[in-house]
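Student: Turn these sequences into a full structure, and let the hints guide you.
Numbers 1 to 125, taken from my numbering, label the letters of the sequence shown in order.
Be a bit skeptical, because a hint or two may be false.
Lysine to aspartate or glutamate pairs mimicking EDC-like chemistry, simulated, CA-CA at most 20 angstroms apart [claimed, not checked]:
| hint | residue 1 | residue 2 |
| --- | --- | --- |
| 1 | K96 | E81 |
| 2 | K6 | E29 |
| 3 | K76 | E59 |
| 4 | K38 | E59 |
| 5 | K96 | E119 |
| 6 | K19 | E59 |
| 7 | K27 | E44 |
| 8 | K76 | E49 |
| 9 | K76 | E119 |
| 10 | K3 | E17 |
| 11 | K6 | E22 |
| 12 | K43 | D23 |
| 13 | K19 | E39 |
| 14 | K19 | E29 |
| 15 | K6 | E49 |
| 16 | K3 | D23 |
| 17 | K27 | E49 |
| 18 | K72 | E59 |
| 19 | K72 | E44 |
Think of the hints as simulated: they come from the structure by calculation, not from any bench.
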Amino acid sequence: MRKSHKFTCIGCPSSCEIKLFEDDGKKIEVVGGCKIGKEYAIKEFTAPERILTSTVRVENGVLPVLPVKSEKPIPKNLIRESVRALAKVKVRAPIKQGSIVYENMLNTGVNVIASRNLEARSLEQ
Numbered sequence: 001m002r003k004s005h006k007f008t009c010i011g012c013p014s015s016c017e018i019k020l021f022e023d024d025g026k027k028i029e030v031v032g033g034c035k036i037g038k039e040y041a042i043k044e045f046t047a048p049e050r051i052l053t054s055t056v057r058v059e060n061g062v063l064p065v066l067p068v069k070s071e072k073p074i075p076k077n078l079i080r081e082s083v084r085a086l087a088k089v090k091v092r093a094p095i096k097q098g099s100i101v102y103e104n105m106l107n108t109g110v111n112v113i114a115s116r117n118l119e120a121r122s123l124e125q
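Tutor: What follows is the structure, encoded as structure tokens:
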């Protein structure tokens, strides 16, 4: 049975609308958009990925949590499980932006890194 899927391309500011037609889970035709848009729709249909953004708990920091993000996109279907894994992580301040907080998230080969510097609490606090 032929189905259609609509995508709004994020490859440039034009935000073109693209339709992808499939039959039994297989791409058969892509309509609309430029080459970038067509590639985006195919990728989004076959293997969608996202940058993971979250927070982890901090010990001895001036703030109780640290914003983190994946260095590269990870498969979209692993986002929830990745967030659950990060909920168990606790790092110790000070932390430098770009430091690896979680290595090889769920065996994707993608590291999760600190999104900012975070100072340690002073002894007076």
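Student: For each hint, tell me whether it holds in the structure or not.
Tutor: Evaluation of the provided hints:
1. Taken as a hint, the K96 and E81 pair is broken in the structure, with Cα atoms around 25 angstroms apart against an allowance of 20 angstroms.
2. Among the hinted pairs, K6 with E29 is consistent with the structure: their alpha-carbon atoms are about 12 angstroms apart, no more than 20 angstroms.
3. About 30 angstroms separates the Cα atoms of K76 and E59, which puts this hinted pair outside 20 angstroms; it is violated.
4. Distance check on the hinted pair: K38 and E59 sit about 46 angstroms apart at the alpha-carbon level, beyond 20 angstroms; violated.
5. A hinted pair counts as satisfied when its Cα atoms are at most 20 angstroms apart, and K96 with E119 qualifies at roughly 8 angstroms.
6. In summary, the hint linking K19 to E59 is not supported, as the alpha carbons are separated by about 48 angstroms, beyond the 20 angstroms threshold.
7. For the hint pairing K27 with E44, the CA-to-CA distance comes to about 11 angstroms; that is within 20 angstroms, so the pair holds.
8. The hinted pair formed by K76 and E49 meets the criterion: a straight-line CA distance of about 5 angstroms does not exceed 20 angstroms.
9. Restraint check for K76 and E119: not satisfied, since their Cα atoms lie roughly 32 angstroms apart, outside the 20 angstroms limit.
10. Note on K3 and E17: the hinted pairing holds, with a Cα-Cα distance of about 16 angstroms set against a maximum of 20 angstroms.
11. At most 20 angstroms may separate the alpha-carbon atoms for a hinted pair to count; K6 and E22 meet this at roughly 11 angstroms.
12. As the CA atoms of K43 and D23 are separated by approximately 17 angstroms, the hinted pair is consistent with the 20 angstroms bound.
13. Between K19 and E39, the direct Cα distance comes to roughly 12 angstroms. Compliance with the 20 angstroms bound is thereby established for this hinted pair.
14. Straight-line distance between C-alpha atoms of K19 and E29 comes to about 8 angstroms, which keeps the hinted pair within the 20 angstroms bound.
15. Annotation: proposed proximity of K6 to E49 holds, straight-line Cα distance about 17 angstroms (limit 20 angstroms).
16. Restraint check: the Cα-Cα separation between K3 and D23 comes to about 6 angstroms, which is no more than 20 angstroms; the hinted pair holds.
17. Distance hint between K27 and E49 is fulfilled; the C-alpha atoms sit about 18 angstroms from each other, no more than 20 angstroms.
18. With a CA separation close to 26 angstroms, the supplied pair K72 and E59 exceeds the 20 angstroms bound.
19. Restraint check: the Cα-Cα separation between K72 and E44 comes to about 16 angstroms, which is no more than 20 angstroms; the hinted pair holds.
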